[in-house]
Amino acid sequence: MSQVSVLWAYVIYLPIAIWLTLYVTGKLFDNAMVYMMDIFHGRKEIAVATNQLFKIGFYLINMGFALYILRINRDMLTAQSTFEVLSMKIGGFSIYLGGMLLMNLFFFFRGKKVAGRAADKGNNAKSGGTIQPAPVSLPPAADLNLNA
Amino acid sequence: MNVILSLYVLYLLLVVVVIGWTGWQLYQAGKPFVRMMMAGEQHLADWINGMLLTGYYLVCMGYSFMVLSSLPDVLTLPDLMSVLCRWIGRLVLILAVLHYSNMLIFSLWKRYHSV
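As given, the protein sequences belong to chains F and A, one line each in that order.
Under the numbering used here, the first sequence has 96 at position 96, and the numbering climbs by one with no breaks.
Under the numbering used here, the second sequence has 1108 at position 108, and the numbering climbs by one with no breaks.
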């Protein structure tokens, strides 16, 4: 079987990985605005800014990972091994992206819950109710709620 | 020789673009946060934000220029591409870690100083 340079595999891999990252990030953070508005009790400026900050973080970590795992430890590939190597890489990267997506969703849910609890606490304090203990050991990403 | 020179040139270009774009985006998105932290003193807040951006540029550019000389030797085009992607990827991952730790510090700050 004739062999081709590994460069072709890179040329195929890079656009697919970058497109996947862009697509997933776009989808995730378009829909995240709803949660952000809830978490920040409708304060739009802060919600948009936080969404943007998380979006940049998500881009950075996934683009960085996609570039970092690009290397294929061979000089030449046949058509068959190109398919094998590339599907391994792209499949692995997709699973990783799915994991990151679910993790982010978890943080959003968590943030919403914490924000709701904080709002309840505020109402209780106003009406002279019992003071609940502050929530401990939160994940860092969910922890940007402002006790309004 | 030519391959490694083009590696250096591409690396420097990409580094400047990546760090510049990220810094500018973070500067824009972080503005409301710093203003909230300084509780209404807007001039001071924007000045601090600008200083943070400058510091970020200095640190990141300094780091990425310093590691330029430790890029491995490359002889072929595929090598160039894999080395370039690996080092840019590493830089971007470092940026991600810095970004997340910054947000963590900020949220902790907010919790203990009750802004």
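These are calculated hints, taken from the structure and not from any lab test.
Beta carbons: idealized from backbone N, C-alpha and C, even for Gly.
There's no promise every hint is true.
As the list claims (entries may be wrong) - With the C-beta cut set under 10 angstroms, the calculated list includes, among others, these residues of chain A facing chain F: (1) Gln1025; (2) Leu1026; (3) Thr1076; (4) Cys1085; (5) Trp1087.
Said to hold, decoys possible - Away from chain A, derived, C-beta distances all over 12 angstroms, residues of chain F: (6) Thr50; (7) Gln52; (8) Asn62; (9) Arg74.
Claimed, not checked - Cross-link-like lysine-lysine pairs, in silico, DSS-like; alpha carbons within 30 angstroms at most: (10) Lys112(F) to Lys27(F); (11) Lys121(F) to Lys44(F); (12) Lys121(F) to Lys27(F); (13) Lys1110(A) to Lys55(F); (14) Lys121(F) to Lys1031(A); (15) Lys113(F) to Lys27(F); (16) Lys1031(A) to Lys27(F); (17) Lys55(F) to Lys89(F); (18) Lys113(F) to Lys1031(A); (19) Lys1110(A) to Lys44(F); (20) Lys112(F) to Lys1110(A); (21) Lys1031(A) to Lys44(F); (22) Lys55(F) to Lys27(F); (23) Lys1031(A) to Lys55(F); (24) Lys44(F) to Lys27(F); (25) Lys44(F) to Lys112(F); (26) Lys1110(A) to Lys113(F); (27) Lys113(F) to Lys55(F); (28) Lys89(F) to Lys1110(A); (29) Lys121(F) to Lys1110(A); (30) Lys44(F) to Lys89(F).
Hint check:
A hinted interface residue such as glutamine 1025(A) counts as satisfied when its beta carbon comes closer than 10 angstroms to some beta carbon of chain F; here the least separation is about 5 angstroms, so the hint holds. Interface restraint check for leucine 1026(A): the shortest CB-CB distance to chain F comes to about 6 angstroms, inside 10 angstroms, so the restraint holds. Interface restraint check: threonine 1076(A) against chain F, minimum CB-CB distance 8 angstroms, threshold 10 angstroms, status holds. For cysteine 1085(A), the interface hint holds, since its Cβ comes within 10 angstroms of a Cβ in chain F; the closest pair sits about 4 angstroms apart.
For the restraint placing tryptophan 1087(A) at the interface with chain F, the shortest Cβ-Cβ distance is roughly 9 angstroms, inside the 10 angstroms limit, so the hint holds. With a minimum CB-CB distance of about 8 angstroms to chain A, threonine 50(F) fails to clear the 12 angstroms threshold, and the non-interface call is violated. Consistency note on glutamine 52(F): stated as away from chain A, yet its beta-carbon is not over 12 angstroms from all of that chain's, at 4 angstroms minimum. Its beta-carbon lying about 9 angstroms from the closest one in chain A, asparagine 62(F) breaks the requirement of being farther than 12 angstroms from that chain.
A cut-off of 12 angstroms between C-beta atoms contradicts the statement that arginine 74(F) is not in contact with chain A; the least separation is 9 angstroms. Only pairs whose Cα atoms come within 30 angstroms are accepted, and lysine 112(F) paired with lysine 27(F) is accepted, the gap being roughly 19 angstroms. Taking the CA atoms of lysine 121(F) and lysine 44(F), the gap is about 22 angstroms. The hint holds against a cut of 30 angstroms. At roughly 33 angstroms between alpha-carbon atoms, lysine 121(F) and lysine 27(F) are farther apart than 30 angstroms, so this suggested pair is violated.
For the suggested pair lysine 1110(A) and lysine 55(F), the alpha carbons sit about 21 angstroms apart, so the restraint of at most 30 angstroms is met. Between lysine 121(F) and lysine 1031(A) the alpha-carbon distance is near 29 angstroms, which keeps this suggested pair within the 30 angstroms criterion. For the given pair, lysine 113(F) sits about 22 angstroms from lysine 27(F) by alpha-carbon distance, which is consistent with the 30 angstroms threshold. This hinted pair checks out: lysine 1031(A) and lysine 27(F) have alpha carbons roughly 25 angstroms apart, not beyond 30 angstroms.
At most 30 angstroms may separate the alpha-carbon atoms for a hinted pair to count; lysine 55(F) and lysine 89(F) meet this at roughly 24 angstroms. For the given pair, lysine 113(F) sits about 26 angstroms from lysine 1031(A) by alpha-carbon distance, which is consistent with the 30 angstroms threshold. With a CA separation close to 19 angstroms, the supplied pair lysine 1110(A) and lysine 44(F) stays within the 30 angstroms bound. Using a Cα cut-off of 30 angstroms, the hinted pair lysine 112(F) and lysine 1110(A) holds, with the two alpha carbons roughly 18 angstroms apart.
Note on lysine 1031(A) and lysine 44(F): the hinted pairing holds, with a Cα-Cα distance of about 14 angstroms set against a maximum of 30 angstroms. Simply put, lysine 55(F) and lysine 27(F) have alpha-carbon atoms about 11 angstroms apart, close enough for the 30 angstroms limit, and the pair holds. At most 30 angstroms may separate the alpha-carbon atoms for a hinted pair to count; lysine 1031(A) and lysine 55(F) meet this at roughly 16 angstroms. About 20 angstroms separates the Cα atoms of lysine 44(F) and lysine 27(F), which keeps this hinted pair within 30 angstroms; it holds.
Taking the CA atoms of lysine 44(F) and lysine 112(F), the gap is near 15 angstroms; set against the 30 angstroms cutoff, the hint holds. Under the criterion of a C-alpha separation no larger than 30 angstroms, the hint pairing lysine 1110(A) with lysine 113(F) is consistent with the structure, at around 19 angstroms. Proximity of lysine 113(F) to lysine 55(F) is assessed by CA-CA distance (about 21 angstroms); at most 30 angstroms being required, the pair is judged to hold. Our distance criterion of 30 angstroms between C-alpha atoms is broken by lysine 89(F) and lysine 1110(A), whose separation comes to about 41 angstroms.
A threshold of 30 angstroms between alpha carbons decides the hint, and for lysine 121(F) with lysine 1110(A) the separation of about 18 angstroms falls inside it, so the pair holds. At roughly 39 angstroms between alpha-carbon atoms, lysine 44(F) and lysine 89(F) are farther apart than 30 angstroms, so this suggested pair is violated.
The structure fails hints 6, 7, 8, 9, 12, 28, 30 (numbered hints given earlier, in ascending order).
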